[in-house]
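With the hints as extra help, turn the sequences into a complete structure.
There are 4 protein chains.
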Amino acid sequence: MGSVIGKNVKISVFGQSHSKAIGVTIDGLPAGISIDMEELKKFMKRRAPGQGAHTTTRKEGDQPEFLSGLVENTTCGAPLCAVIPNTNTRSSDYENLKDVPRPGHADYPAQMKFHGFQDVAGGGHFSGRLTAPVCLAGNICMQALAKRGIQVAAHIYRIGHVQDRPVNPADPIQADLQKVREKAFPVLEDEKGEQMLRAIDQAKKDLDSLGGVIECVITGVPAGIGNPMFEGIENRIAAAAFGIPAVKGIEFGNGFGCVGLRGSQNNDSYEMREGEIVTRTNRHGGILGGISTGMPIVFRVAMKPTSSIAMEQDSVSMRDKVNTKLVVHGRHDPCIVPRAVPCVEAIAALTIYDMILEQ
Amino acid sequence: MGSVIGKNVKISVFGQSHSKAIGVTIDGLPAGISIDMEELKKFMKRRAPGQGAHTTTRKEGDQPEFLSGLVENTTCGAPLCAVIPNTNTRSSDYENLKDVPRPGHADYPAQMKFHGFQDVAGGGHFSGRLTAPVCLAGNICMQALAKRGIQVAAHIYRIGHVQDRPVNPADPIQADLQKVREKAFPVLEDEKGEQMLRAIDQAKKDLDSLGGVIECVITGVPAGIGNPMFEGIENRIAAAAFGIPAVKGIEFGNGFGCVGLRGSQNNDSYEMREGEIVTRTNRHGGILGGISTGMPIVFRVAMKPTSSIAMEQDSVSMRDKVNTKLVVHGRHDPCIVPRAVPCVEAIAALTIYDMILEQ
Amino acid sequence: MGSVIGKNVKISVFGQSHSKAIGVTIDGLPAGISIDMEELKKFMKRRAPGQGAHTTTRKEGDQPEFLSGLVENTTCGAPLCAVIPNTNTRSSDYENLKDVPRPGHADYPAQMKFHGFQDVAGGGHFSGRLTAPVCLAGNICMQALAKRGIQVAAHIYRIGHVQDRPVNPADPIQADLQKVREKAFPVLEDEKGEQMLRAIDQAKKDLDSLGGVIECVITGVPAGIGNPMFEGIENRIAAAAFGIPAVKGIEFGNGFGCVGLRGSQNNDSYEMREGEIVTRTNRHGGILGGISTGMPIVFRVAMKPTSSIAMEQDSVSMRDKVNTKLVVHGRHDPCIVPRAVPCVEAIAALTIYDMILEQ
Amino acid sequence: MGSVIGKNVKISVFGQSHSKAIGVTIDGLPAGISIDMEELKKFMKRRAPGQGAHTTTRKEGDQPEFLSGLVENTTCGAPLCAVIPNTNTRSSDYENLKDVPRPGHADYPAQMKFHGFQDVAGGGHFSGRLTAPVCLAGNICMQALAKRGIQVAAHIYRIGHVQDRPVNPADPIQADLQKVREKAFPVLEDEKGEQMLRAIDQAKKDLDSLGGVIECVITGVPAGIGNPMFEGIENRIAAAAFGIPAVKGIEFGNGFGCVGLRGSQNNDSYEMREGEIVTRTNRHGGILGGISTGMPIVFRVAMKPTSSIAMEQDSVSMRDKVNTKLVVHGRHDPCIVPRAVPCVEAIAALTIYDMILEQ
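Protein chains in written order, with this note's numbering: chain U, 1 to 359; chain G, 1 to 359; chain L, 1 to 359; chain W, 1 to 359.
The hints are simulated quantities; they were obtained by calculation from the structure and are not laboratory data. Misleading hints may appear alongside valid ones.
Claimed, not checked - Non-contacting residues of chain L with respect to chain W, defined by C-beta distances greater than 12 Å in every case (computed):
1) Phe185
2) Gln195
3) Glu251
4) Gln359
Unchecked claim - In silico lysine-lysine, DSS-like type, Cα no more than 30 Å apart, as pairs:
5) Lys7/W x Lys7/L
6) Lys42/W x Lys7/G
7) Lys204/L x Lys325/L
8) Lys183/W x Lys147/W
9) Lys183/W x Lys205/W
10) Lys41/W x Lys20/U
11) Lys20/W x Lys7/U
12) Lys20/G x Lys41/L
13) Lys42/G x Lys20/L
14) Lys7/W x Lys20/W
15) Lys147/L x Lys20/G
16) Lys98/L x Lys147/G
Just so it is clear, CB atoms sit at the ideal spot from N, CA and C, and this is done for glycine as well.
Written out as structure tokens, the structure reads:
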């Protein structure tokens, strides 16, 4: 239970880190969307590991195979299923986990929920690897959105104590956003990016890890999309965003930052601009009452530092009910944030596309 | 679309600020839950306006009438419907809003979505008044949870620049939490509460408003509740929390705070305590991989400063497509945070109760 | 659990036979639908009891009160809630039912599901009275459909052994369908109607009851509405239709009748007619592969004879676990079919309107 | 949209007749169900074609490959995905269908819904072949149900004008039901089976086809499963059953047959039997008010004669908008009913298992 999301476009994600394959079924894609496979591949690559010193050296093929739903790379109205084979199956790196849960991982609650039947290898279904099919589905939606003039772009907003320049929410520079998607290390200010990389390297040397914040912008969403109360854009994006492992917080517009402001400082005045009603500023992040205002939608997610660190940690033996020590083996990103950037774009695209079809 | 939430216990909220009544239908409540009407009334009162100098002087009866679902105050398995009459209907305070949208309110996106048919009086279905039936439903779930040893309590964590003492997430003092629910101004440190009240008074005098943060703790949830990916506890609580007007952010455990930490500082070690597996600290907020760990569930929501401020603001005439000035009349809370505390408890209770029934 | 249905237009039905009120919340109605209250009242009256010798003499007011969702009788986009007060509450007619279940009623399974907490008075939430709010919601959808040129009409197809003339599914005469909705006893052939009435009278005299079949036609649905597999029109109408008490079967087009035919006799050939693609015959009932073909949608539901009969029946004491005799008191329709006709129209309208909004 | 069903156990079916593969994702299977792969294979084989003179000669491997969700053939709580490769892809048998719709098939409504982008080869996603993954998912549920003492069995009730002995709904002979599942031609009376086979052969010789009725029995379901109104057992089974191509009707218990009976003849009296409350007869088919009574659940589905017949039929050219003739090529079952028997069992198992987990 839990790996299905969406109302009109419903995705069902499957796979474990070391199962034969991982993948996604997408039900409800309108017929007639032609998919640019090169763009998809490029997008998937942004999430793939092994692309720099700062990421895990584990190799993933991540070449999706489409089992259904397409006729000549165009959606045919039938559910689309795409799988990504796991070449790296049944590793013995993880044997110990059946008994000694890793701090910060789902090992212990999974044991309690699945009574010992869960697949522990590589984190099983809780593995960050499961974001690959989410990216796949997300990019298909992104391509469909682009045809409607809607663009999704995210950048690393912060890693550890280093912060990138924030997007101007009232007028994000499209060129910037386009460029950031092309970058190996997606920041607006490359100098900040270099500081971040150095911080990651240092954490790695210290057998430790770092977290960060990703900022995402969606431009071109017309006013009037969304719903009041429990089906607003915020509700839906948040519900999807916490599906990305390590996400521990989300905020829209000014978010937690609005707490230090007064209403007069936080409200966005309306004004006419070239015959259109806009807000002068965009502290509301493009959403009021759950519904889009026509301004760019802006949100940020907080990601915790990678739980898998190489230094020894305290844990317990679940079998013997005694304290013990644990050293987590395997190859792990000292900071997952850079690779999570396309994942955040993906869940934004999935959600917005689903909501637009609702109208 | 949007005012229904829940899977096993499904609530459907209805009403506008100035319609004949507001209320809620709850489908799926197990039969046999006896409801303590006094406790419910007391809980509803915490949300009700008019209780102090810092809240609106508007009077709301908020006495629910149960139309169905109960036999002698005990749930009978049939959907429960409770209504709260609006005594304050069809006010003329809001006439202007049909044309000039209030900054920070849903007026403009609602106009775009509902094409002018929306009920503008008092904010219509977007009014904060709609949290009354949410509290009603939430308290019923809270009473059902209490019978399972699960307690929900929230306090004002911050208003403007004044911050309350945070709860110790690894070991919240039950007595504190119990007491905070009884307080007229729910803070852990009363001295901080007084500072907050002064800040609110000052904002009011300045025709302005303040936002804040509410922290909520759920104790007694056994390990193993929840699901991976899109139906985890974080996903579900977040999806519900953004249903409270003015919420612009949510974080679990350390949340955005974990960004400045390293993995070794943010991971929670396991240890045996009195034969039970616990974590020594609780920066994860009781949830890993979407599933409860048995530690207290802790989250915080950010609420923006009240949008309705008495000072003049810039806006537009939607009809004439020209810039104009707007003065918002009516009685408004200079800070909605104190009254939102039970609302946050309510959505927490609704969500956790729904998820526990899933097992 | 169970009294919510719909995807885009979600209805939540509440109430028990003898609770303070019954009613319905409708979430997702598009804004701007003006409701003709006279037409609604007229429609509700078709379902109301006490209209002839063949129905129960129980009086129901059935005058709905709209609590929310309307501004000047026009939907405003907020959830609509309408309640119908029960004047007839807490009757003592049903005291015995807590212990001795009525054959053919939900008393026994309800006892097993709700562990004795269910509301037994008048059948509680299982009462046929709960179809009143369904009719209310259905008629609102019907009025919205009519604006799109879609008409829903049903007639009594059979009662006991007397059968009405079937509709010509390939070309139902609109005038006939219009007229049948105006009739006190909705049959196409009045002579058959008189035979049916005589059969009902006889059953009543014999302290017994009769069942029947209702045929429903939906005209004007464009081709291409619906979905494959589990969300086809048949799936959806069936899922709703079994929500009407006493329905035990449903068939579309030729239905069970196609079993005696060969493919060559049951297939409907396509042909051009006035530039349009149509089928010459309509044994498929307007649906192929779950999707509308543009031909009239035709289905029939089988309703069992009223379970409440006045003659003595065998039952058991659930408390004492012994056999016993039961005489069901109260006023009951010897045949529920005539009053169920608008209910069948209502669920058809609800379903089709919901599905049309999906596009 | 449409190929996802279930609430606690959610299946998502994918594939087209001639896509690379077909398959199913199952989300929400409890962890710890060990799957007997031999039993699964045997079950799948009952649906597979090419097993007798009366079925299509098309060969299907139908050997599922499990991509995820299992650890050593035991469910691990992660979504299970199983695929069945299509060996028979991109056939040119169907070229003509893009323009000339087959009577009785989804070709024309699919064209209207998917605007020409649908996959026409082999019927695309509308193909009966898509019942293979449904059977796969159904058998897994069946195995899980068996561990709770719940058995599902179906037999051919009728083909053309030949009728098998009906099951005694009040006391189906378990041995019979067990045996019928082992038979190559699943009827209770083999003599009737031979008559049916002869009728099918004759239809085939005549380039024509036959329909039929399948009767399904579910034993061992405890009383109290299900819900009132729209989530009753009947609603749910019906919603799933119309997902099987060619199903045009469904009835529970006496179904349409109860129309000719009076209440006194159709009501099932309660009585004590060995300390248990049972009904003496079972015309209600084990369900009252949507909830199980503890008696066997009995339903029948009507299947239309195979639409694909070899004789020439009238149709139209959708492109040229003129009448034309059509001869359907390819290998088709002259009667789909025998192979649909396990499909009916599958949807029954899926539904009941889903509903049992709801409690």
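Here is how each hint holds up against the structure:
At the 12 Å boundary, the C-beta of Phe185/L stays outside the reach of chain W, the nearest C-beta of that chain being 18 Å off. No beta-carbon of chain W comes within 12 Å of the beta-carbon of Gln195/L; the shortest separation is about 15 Å. With a closest Cβ-Cβ approach of about 3 Å to chain W, Glu251/L is found to fall inside the 12 Å limit, against its non-interface label. A cut-off of 12 Å between C-beta atoms contradicts the statement that Gln359/L is not in contact with chain W; the least separation is 9 Å.
Between Lys7/W and Lys7/L the alpha-carbon distance is near 14 Å, which keeps this suggested pair within the 30 Å criterion. About 36 Å separates the Cα atoms of Lys42/W and Lys7/G, which puts this hinted pair outside 30 Å; it is violated. Taking the CA atoms of Lys204/L and Lys325/L, the gap is about 21 Å. The hint holds against a cut of 30 Å. Between the alpha carbons of Lys183/W and Lys147/W the distance comes to roughly 23 Å, so the proposed pair stays at or under 30 Å and holds.
Under the criterion of a C-alpha separation no larger than 30 Å, the hint pairing Lys183/W with Lys205/W is consistent with the structure, at around 25 Å. Pair hint Lys41/W plus Lys20/U holds up; C-alpha atoms about 20 Å apart against a cutoff of 30 Å. Straight-line distance between C-alpha atoms of Lys20/W and Lys7/U comes to about 26 Å, which keeps the hinted pair within the 30 Å bound. Between the alpha carbons of Lys20/G and Lys41/L the distance comes to roughly 20 Å, so the proposed pair stays at or under 30 Å and holds.
The suggested pairing of Lys42/G with Lys20/L holds, with an alpha-carbon distance near 24 Å, which does not exceed 30 Å. At roughly 28 Å between alpha-carbon atoms, Lys7/W and Lys20/W fall within 30 Å of each other, so this suggested pair holds. The hinted pair formed by Lys147/L and Lys20/G meets the criterion: a straight-line CA distance of about 28 Å does not exceed 30 Å. At most 30 Å may separate the alpha-carbon atoms for a hinted pair to count; Lys98/L and Lys147/G meet this at roughly 26 Å.
Hints 3, 4 and 6, counting from the list given before, are not met by this structure.
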